[in-house]
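Enquirer: Here is how the chains run, residue by residue.
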Amino acid sequence: MRYLLLLLVIGLQSFYAQQTLLLDSYGSYNSTGVRRQVTDAFLYGGLIDSSQINRSLAQLQKRNSFGLQMGLNAQWQSPWLVSKDTKKWASGYRWTFGAGIHQYAGLQFSKDLFGLVFQGGLPSIGDTLDLSNLRAEATIFSKIGFGFYQPSTQSSFLLHFVAVQQQLGAVLQDATWFQDPSTAQIDLALVGRASLGGMPANAYGVALDIDYRFGSSDSSENEQQFQLLIQNLGVARSAQTNTYNFNGTLAYAGFSLAAWQQTNLDQLASGFLDSLGYQNTKGPNWMLLPAQIQLAKILDWGSLQRLEAYYGAQFILRQTYTPLIYAGAQLKVTKGWHTGFGMAYGGFGGLRMQAYSAFRFKRSELLLRSDNIALQNGASLYLQFRCDF
Amino acid sequence: MKMTSLRSFGILLVALTLFSCKKEATRWQTDWLLPVLNDTLTLNQYYNDSTLSINGSQIDVNLSRTILDLGLSDLIQIPDTTIAQQYQANFTVNNVSPGFMFVNSIKTHELDLGDIQLKKVRVSSGQIQLKVYNPLNTAVLYQIELPGVTQNGQVFVQNYTVQPGTAQNPTVATESINLSGYDIDLGGLQGLEFNQLQSKLTLKTDPNGQTVSIYNNQVFKFEATFSNLRFDYAKGYFGAAILAGQEQFTLPYLDQITNGSITLPELSLDLQIENGFKMALRAQIEQLSATNTQGQAISLNAPSIGPSMYLAPAVGNWNTLQPSTLNLHFDQNNSNIKSYLENLGAFQQISYQLQPNPWGNTAAGHDEAFANSHLRLKVSAQMPMALSADGLTLQDTFELNLAQDLNKTHVTGATVLLDATNAFPLACDLVLYFMKDGQILHTVIADAQLASAALGQIDPTDGLLKKKSKIKIVLPPALVADLQDLNEVVVAATFATTDPNTGLAVQQHVQANAFLALQLQLQLQTQIRP
Numbered sequence: 001m002r003y004l005l006l007l008l009v010i011g012l013q014s015f016y017a018q019q020t021l022l023l024d025s026y027g028s029y030n031s032t033g034v035r036r037q038v039t040d041a042f043l044y045g046g047l048i049d050s051s052q053i054n055r056s057l058a059q060l061q062k063r064n065s066f067g068l069q070m071g072l073n074a075q076w077q078s079p080w081l082v083s084k085d086t087k088k089w090a091s092g093y094r095w096t097f098g099a100g101i102h103q104y105a106g107l108q109f110s111k112d113l114f115g116l117v118f119q120g121g122l123p124s125i126g127d128t129l130d131l132s133n134l135r136a137e138a139t140i141f142s143k144i145g146f147g148f149y150q151p152s153t154q155s156s157f158l159l160h161f162v163a164v165q166q167q168l169g170a171v172l173q174d175a176t177w178f179q180d181p182s183t184a185q186i187d188l189a190l191v192g193r194a195s196l197g198g199m200p201a202n203a204y205g206v207a208l209d210i211d212y213r214f215g216s217s218d219s220s221e222n223e224q225q226f227q228l229l230i231q232n233l234g235v236a237r238s239a240q241t242n243t244y245n246f247n248g249t250l251a252y253a254g255f256s257l258a259a260w261q262q263t264n265l266d267q268l269a270s271g272f273l274d275s276l277g278y279q280n281t282k283g284p285n286w287m288l289l290p291a292q293i294q295l296a297k298i299l300d301w302g303s304l305q306r307l308e309a310y311y312g313a314q315f316i317l318r319q320t321y322t323p324l325i326y327a328g329a330q331l332k333v334t335k336g337w338h339t340g341f342g343m344a345y346g347g348f349g350g351l352r353m354q355a356y357s358a359f360r361f362k363r364s365e366l367l368l369r370s371d372n373i374a375l376q377n378g379a380s381l382y383l384q385f386r387c388d389f
Numbered sequence: 001m002k003m004t005s006l007r008s009f010g011i012l013l014v015a016l017t018l019f020s021c022k023k024e025a026t027r028w029q030t031d032w033l034l035p036v037l038n039d040t041l042t043l044n045q046y047y048n049d050s051t052l053s054i055n056g057s058q059i060d061v062n063l064s065r066t067i068l069d070l071g072l073s074d075l076i077q078i079p080d081t082t083i084a085q086q087y088q089a090n091f092t093v094n095n096v097s098p099g100f101m102f103v104n105s106i107k108t109h110e111l112d113l114g115d116i117q118l119k120k121v122r123v124s125s126g127q128i129q130l131k132v133y134n135p136l137n138t139a140v141l142y143q144i145e146l147p148g149v150t151q152n153g154q155v156f157v158q159n160y161t162v163q164p165g166t167a168q169n170p171t172v173a174t175e176s177i178n179l180s181g182y183d184i185d186l187g188g189l190q191g192l193e194f195n196q197l198q199s200k201l202t203l204k205t206d207p208n209g210q211t212v213s214i215y216n217n218q219v220f221k222f223e224a225t226f227s228n229l230r231f232d233y234a235k236g237y238f239g240a241a242i243l244a245g246q247e248q249f250t251l252p253y254l255d256q257i258t259n260g261s262i263t264l265p266e267l268s269l270d271l272q273i274e275n276g277f278k279m280a281l282r283a284q285i286e287q288l289s290a291t292n293t294q295g296q297a298i299s300l301n302a303p304s305i306g307p308s309m310y311l312a313p314a315v316g317n318w319n320t321l322q323p324s325t326l327n328l329h330f331d332q333n334n335s336n337i338k339s340y341l342e343n344l345g346a347f348q349q350i351s352y353q354l355q356p357n358p359w360g361n362t363a364a365g366h367d368e369a370f371a372n373s374h375l376r377l378k379v380s381a382q383m384p385m386a387l388s389a390d391g392l393t394l395q396d397t398f399e400l401n402l403a404q405d406l407n408k409t410h411v412t413g414a415t416v417l418l419d420a421t422n423a424f425p426l427a428c429d430l431v432l433y434f435m436k437d438g439q440i441l442h443t444v445i446a447d448a449q450l451a452s453a454a455l456g457q458i459d460p461t462d463g464l465l466k467k468k469s470k471i472k473i474v475l476p477p478a479l480v481a482d483l484q485d486l487n488e489v490v491v492a493a494t495f496a497t498t499d500p501n502t503g504l505a506v507q508q509h510v511q512a513n514a515f516l517a518l519q520l521q522l523q524l525q526t527q528i529r530p
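Residue numbers (the numbering used here), protein chains in the order written: chain A, 1 to 389; chain B, 1 to 530.
It cannot be assumed that every hint is accurate.
Said to hold, decoys possible - Think about it this way: if two alpha-carbon atoms lie no more than 30 angstroms apart in a straight line, the pair counts; the simulated BS3-like pairs of lysine-lysine are:
1) 408(B) <-> 111(A)
2) 408(B) <-> 467(B)
3) 111(A) <-> 221(B)
Said to hold, decoys possible - To give an idea of the chain A side of the interface with chain B (calculated C-beta under 7 angstroms), a few residues:
4) 45
5) 46
6) 47
7) 81
8) 118
9) 119
10) 126
11) 129
12) 157
13) 165
14) 170
15) 171
16) 181
17) 248
18) 251
19) 342
Hints in this document: simulated from the structure, not taken from any laboratory. Glycine is no exception: its CB is placed at the ideal position from the N, C-alpha and C atoms.
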């Protein structure tokens with residue numbers, strides 16, 4: 001990616017025709033109940049103390065979600081026309097080239113599972129823990145592609161070649177854990193499935209990025225301009241995916257002396273897996289990429305109104321993601337500085353405060369946005385940079 | 001403008017770099033309770049198997065063991081032996097016509113069996129390998145006959161046609177024959193000798209072959225190799241060689257006693273010597289001694305220890321064979337057997353002599369042994385299963401391999417929880433010594449005693465006196481931190497049969513169907529490092 005950016009910077013200095021560089025990076029994580037300090041320990045390292053775990057547990061509902069998204073997109077909108085024949089429709093479009101890397105991780109889990117993982121089994125002895133409806137999805141992929149864009153509307157269409165670096169999908173439909181307070185016997189029931197791509201995943205595919213602008217291009221016409229942004233809409237095929245299935249129950253109350261003397265730990269572990277109906281299969285697999293669909297009102301630098309509303313909605317093609325909606329008011333502070341403040345709901349978290357600031361320079365624009373400025377159970381930062389040269 | 005663009009781009013890169021910066025490991029503490037052991041120790045498997053028996057509400061030791069068992073093959077053996085017979089002409093014989101028989105002779109072979117003089121044996125297993133050499137330039141018919149070797153009345157005869165060879169490179173034919181079930185008469189031609197085996201070689205030139213000459217450098221030969229012979233019948237004089245033995249053996253568990261003492265109830269022990277051979281036998285137990293782990297040795301003193309004892313020959317034949325026996329009884333009236341056993345000698349040593357025919361060949365070579373003939377030494381003991389133990393300490397060392405990587409998920413604290421129900425009249429104190437290369441680094445003492453059943457109450461469901469105990473053994477953090485360095489743990493268990501009223505060690509009887517139910521759990525504090 002570093003080399004790609006360097007190439008783009010060199011390219012930026014090489015061309016004098018009208019062309020544009022778009023950089024779009026984002027990083028956000030959020031949860032419906034897990035406190036930010038717990039997540040931060042995973043991102044920055046450190047000890048998760050028991051008080052944070054207890055406070056998270058107090059916030060958690062029976063069903064919860066957590067997710068993380070990170071990514072970087074770069075697009076160079078070239079000055080080259082798709083067709084120089086003005087009679088053809090393609091004469092209104094120019095070639096564009098893009099690349100990016102994205103990471104998506106989503107998790108839906110029960111409060112009991114969080115307690116078991118972060119506190120251990122001892123505090124919940126005697127209680128039946130419901131671990132059902134666990135769903136985990138994680139994908140890391142990179143892409144490179146080309147397409148065309150319409151300078152007048154800024155709409156674009158790109159086709160990407162995609163390489164998936166990591167892929168995980170796991171579902172635990174039904175799972176319970178019970179430990180007897182007198183004998184410490186562990187009763188575990190599992191019905192679930194997990195698929196894991198290899199490292200590297202050896203999965204390749206194609207994806208579409210569509211940026212469609214509609215509505216008035218000038219708010220002076222008293223109409224709004226909207227953006228329908230579809231990113232990473234595509235599929236990939238993994239040459240080899242490991243699939244693990246569980247469907248069974250385990251009751252473990254310790255072994256006899258003879259069993260400890262005659263059996264080694266590997267055999268004991270194998271016996272556990274057999275009890276849980278463990279099966280492992282390998283084979284090729286198709287996967288849907290985490291496509292992102294966003295419909296939003298576009299910031300209008302030419303608006304005459306000093307205060308106006310902004311709003312939008314976002315959806316990701318993943319079961320662990322809840323559709324995100326946001327709305328707020330934006331203020332035109334100066335001609336080159338707009339800022340907005342609003343609320344967002346959905347994604348991986350609940351209702352939270354959102355804010356952004358956009359700066360317009362002579363030939364460039366910079367936008368900073370956070371969907372969680374109060375750092376409520378997470379953090380969020382979006383950076384968008386546009387440069388015309 | 002370019003500078004502005006690059007500055008903004010730099011800000012973006014710095015922000016992304018900070019976002020992905022991870023300075024130390026993510027970690028958190030969890031607490032787990034893991035069941036490890038769930039078992040009930042009983043003596044059930046020893047009931048009615050010549051070890052223990054139930055006598056009303058108590059258990060009796062009713063031990064019966066064979067400590068020496070010699071069979072016919074142990075006493076009478078013929079080492080692997082090769083006999084050979086050959087023919088070599090003194091002068092050249094020309095124009096030998098086809099079908100000419102030129103050798104027909106019997107040879108007697110002496111077997112070297114020391115002072116054993118066998119007249120007859122029957123082979124239960126073993127084989128003979130025959131090897132025949134033909135130096136003549138025509139095929140030769142070999143007939144090998146062992147006149148004393150028969151099966152169902154048929155004499156052992158083997159015929160071979162051996163292809164032509166030369167004096168320098170005779171043709172060799174080889175065959176291996178199973179001798180199981182053959183009778184071998186070793187009495188010689190008249191049947192009055194012993195250890196003698198006969199062979200007869202007959203040679204005839206090929207009736208369909210050519211006329212040849214037999215030269216004096218041509219050696220016609222056969223070799224018969226007897227190997228791995230085992231017998232199920234032997235007759236003769238079995239010699240008077242003394243079988244002297246000195247056996248040393250270690251009694252299990254007693255070698256782990258490091259301290260304390262026991263007192264046993266009145267008991268008796270019997271040794272039975274059994275002679276299943278039809279020959280006289282002298283038996284002598286020269287010494288029986290035991291040394292305990294403290295180095296204290298004691299010898300068993302009794303009138304029957306030391307002097308020679310004589311056993312008459314067995315009577316009967318085959319299925320009607322009746323061994324002669326000699327019983328040696330040891331009890332408190334005629335021996336120090338109680339002191340001998342209470343010494344808890346782990347290292348036992350017995351010296352003995354067994355001598356067949358102590359008065360020589362008085363049976364005139366009519367000793368006999370059959371398939372079921374044995375010389376046996378059996379021991380049996382009877383006593384109530386009761387003892388008085390005072391500080392009886394069993395100590396055993398186990399290898400420990402609990403190395404853990406502190407940079408990964410690891411245990412930071414551990415407690416062993418033992419939940420026991422004891423129906424034995426023994427209390428037990430546990431101490432663990434954790435060692436590195438033989439040096440004790442940590443000593444951990446259980447917080448409570450595994451209580452004796454004598455302190456409990458009778459359970460109406462099974463009528464057994466039993467006592468429950470909960471024992472906690474906390475492994476201190478310093479020990480857990482050293483786990484990766486420790487390589488041995490010594491478990492010391494000190495037993496006592498303490499009277500609940502007086503606190504003194506008293507003799508306690510083991511209840512019938514006594515058991516010790518154990519549930520061992522491990523409480524772990526674990527630092528998770530994903």
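Enquirer: Are the hints correct? Go through all of them and say.
Expert: Each hint tested on the structure:
1. 408(B) <-> 111(A): holds, 26 angstroms
2. 408(B) <-> 467(B): violated, 42 angstroms
3. 111(A) <-> 221(B): Answer violated: residue 111(A) to residue 221(B) is near 94 angstroms, above 30 angstroms.
4. 45: holds, 4 angstroms
5. 46: It holds, given that the least Cβ distance between residue 46(A) and chain B is near 6 angstroms, below 7 angstroms.
6. 47: This hint holds: residue 47(A) lies near chain B, its Cβ roughly 6 angstroms from the closest one there, short of 7 angstroms.
7. 81: violated, 24 angstroms
8. 118: holds, 6 angstroms
9. 119: holds, 6 angstroms
10. 126: violated, 11 angstroms
11. 129: violated, 13 angstroms
12. 157: violated, 25 angstroms
13. 165: The hint is violated - residue 165(A) has no Cβ within 7 angstroms of chain B, the shortest such distance being about 15 angstroms.
14. 170: violated, 15 angstroms
15. 171: violated, 21 angstroms
16. 181: violated, 9 angstroms
17. 248: Nearest chain B Cβ about 19 angstroms off; hint violated.
18. 251: This hint is violated: residue 251(A) lies away from chain B, its Cβ roughly 10 angstroms from the closest one there, beyond 7 angstroms.
19. 342: violated, 22 angstroms
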